[in-house]
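With chain A held as given, fit chain B onto it using these hints.
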Amino acid sequence: MKDLALLEDNAPKPGLWTQIAHPGLFLGWSRHLIVPLAVITAALAAWGLYLSFWGSPPDYQMGDTVRIMYVHVPAAWLSQFCYAVMFASAIGTLVWRHPMADVSQKAAAPLGAAFTLLALFTGSLWGRPTWGTFWEWDGRMTSTLVLLFIYLGIIALWRAFDDQLKAARFVSVVTLVGAINIPVIKFSVDWWQTLHQPASVIRLDGPTIAPEILIPLLVMTAAFSMLFLTLHLVRMRTEVIKRRIRSLELAAARAAAGGAL
Amino acid sequence: MIELGQHWVFIDAAYAGCFVLVAVLIFWVAADAYRARARVKALEAARERQRAARD
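In order, the protein sequence lines correspond to chains A and B. Just so we're aligned: the first sequence equals residues 20 to 280 in our numbering. Just so we're aligned: the second sequence equals residues 14 to 68 in our numbering.
Just so you know, the hints here were simulated from the structure itself, not pulled from any lab data.
If you want a taste of the chain A side facing chain B, the calculated C-beta under 7 Å gives, among others:
#1 86
#2 137
#3 140
#4 148
#5 260
#6 267
Coverage of chain B stretches by chain A, computed from C-beta distances (three or more under 8 Å per stretch; other residues unrestricted):
#7 20–34
#8 50–57
Virtual Cβ for every residue (Gly too), placed ideally from N, Cα, C.
Bound-form chain A, shown alone:
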């Protein structure tokens, strides 16, 4: 017993890559991150909401409807960031066959769909008082709607396969092809006539928004981003556990079949 303990002490510690790649080790270290991430998310959301309603002035043109921007822009940012996460994970699946890459892909898809739906919903509510219409078939709105359909298609594909490893390779190819829509969303305001304004935060010459409005926007964006990280981590853990359930169920079915013979 003492020898075994000594052996364990002298065993090489798993490297960072192994800790990320190994599902069992991932479940171990990720468990400690969820509560701190949730607390940071809640604190940022509370601060962001305070700034959105009490800590920022109305816009000189849009008036108080500018406050819709504090939920619309973070949702729109995450609708694209989720896809970027799926894109990177798809490369991880196809190139490196990373065991956690397809888990990350599958975990991100419903979150991306939810944030895209939220971006479309808040955008249409902002559009009605600002532009006089809930919907316009312009480049950005149409490409964002296409993004929602891509997310829904990817979710359907995951559900269509029993073998999740086979599904991962197929979904990865679809994800890489669908990524062409992301630059279309980003640059649609420059390429075509649109009701949307051009980029006003991420610009080479710096943001063109007043700091009183920019700060609540950045805080809410941070809150939404932390929410995504928290939910993504929980969903990844759940997906690893579901795969463990599947292998345990298969083993139980095999044992039952063996006993019956």
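Just chain B now, with coordinates in the frame of chain A:
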């Protein structure tokens, strides 16, 4: 609460919709995680019982 002007309906609807969707998302993710943990626990306990019975 601040005065939201003539467009308060749109502002309130945007935040209410956001709150509902985020709440549903959090609930769904948490419930799914809870169900999976309970299921794996039950399966592992059953496997341990089978092993003990075999030995």
